[in-house]
Amino acid sequence: NAGVMQNPRHLVRRRGQEARLRCSPMKGHSHVYWYRQLPEEGLKFMVYLQKENIIDESGMPKERFSAEFPKEGPSILRIQQVVRGDSAAYFCASSPRGQGSTNEKLFFGSGTQLSVL
Amino acid sequence: GENVEQHPSTLSVQEGDSAVIKCTYSDSASNYFPWYKQELGKRPQLIIDIRSNVGEKKDQRIAVTLNKTAKHFSLHITETQPEDSAVYFCAAATGFQKLVFGTGTRLLVSP
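So the protein lines, in turn, are chains A and B.
Residue numbers for the first sequence follow my numbering, so the first one is 1 and each next one is one higher.
Residue numbers for the second sequence follow my numbering, so the first one is 1001 and each next one is one higher.
Worth flagging that the hints you see were computed from the coordinates, not collected in a lab.
There's no promise every hint is true.
Said to hold, decoys possible - A partial selection of chain A residues facing chain B, derived with a Cβ cut-off under 8 angstroms:
no.	residue
1	Leu38
2	Glu41
3	Gly42
4	Tyr48
5	Phe65
6	Ser66
7	Phe91
8	Lys105
9	Leu106
10	Phe108
11	Gly109
12	Gly111
C-beta: ideal position from N, C-alpha, C; glycine also.
Assemble the whole structure, with the sequences as input and the hints as a guide.
Rendered as structure tokens:
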């Protein structure tokens, strides 16, 4: 049973380009969460998605950032027109159930390290 | 919203000593408190968690205590080993898994 898979592991973009980060949840998990970790800091919640639905995007910047979790395929975190401040590690996590669940264990992927030149 | 504070930011101990990391939270509705260990360049790994209906939980050398009245919880590592060296994060959550993380504690265990 593979864990949460993220790709790419490392992504280098120049300012103004687009970054696409992918996350495949663990088998049987239908809830995906994205977190951002700046250097020497903790993880900050960005967005919580179920298949085809965004449940909570309260941690997402209002501009340039978007996320989706289509019926088929991985969840995608998209950052348009990247700036140097977007450089960070982006972690995806998944769980089998979400709101109202008593099983709240979150399992994280290995992350994507985004570097903006 | 929830705010989680974590102390200390760094902790150095000798191998075999105990290490204690403390966290406080602000939202009395929070009911789930996991601890994650993160080694350099790697993913956060869940090492232990506790729910609000339990005051203490132990797993081998690791234990977590929760004081709901005071809104604080602590991680205790006994008989520390060099491989325990990492950054440890506490977190708190209400309802679904929108974890709010502390700022981390860098633990260094010297042989």
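Results of checking the hints against the structure:
1. Leu38: violated, 11 angstroms
2. Glu41: holds, 7 angstroms
3. Gly42: Result: holds, 4 angstroms to nearest chain B Cβ.
4. Tyr48: With a closest approach of 6 angstroms, the A:Tyr48 hint holds.
5. Phe65: violated, 17 angstroms
6. Ser66: Violated, because the Cβ-Cβ distance from A:Ser66 to chain B comes to roughly 19 angstroms (cut-off 8 angstroms).
7. Phe91: holds, 7 angstroms
8. Lys105: holds, 6 angstroms
9. Leu106: holds, 5 angstroms
10. Phe108: holds, 5 angstroms
11. Gly109: OK, holds: A:Gly109 within 8 angstroms of chain B, min 6 angstroms.
12. Gly111: With Cβ-Cβ at 6 angstroms, under 8 angstroms, it holds.
Violated hints, listed in ascending order, are 1, 5, 6; each of the other numbered hints is respected by the structure.
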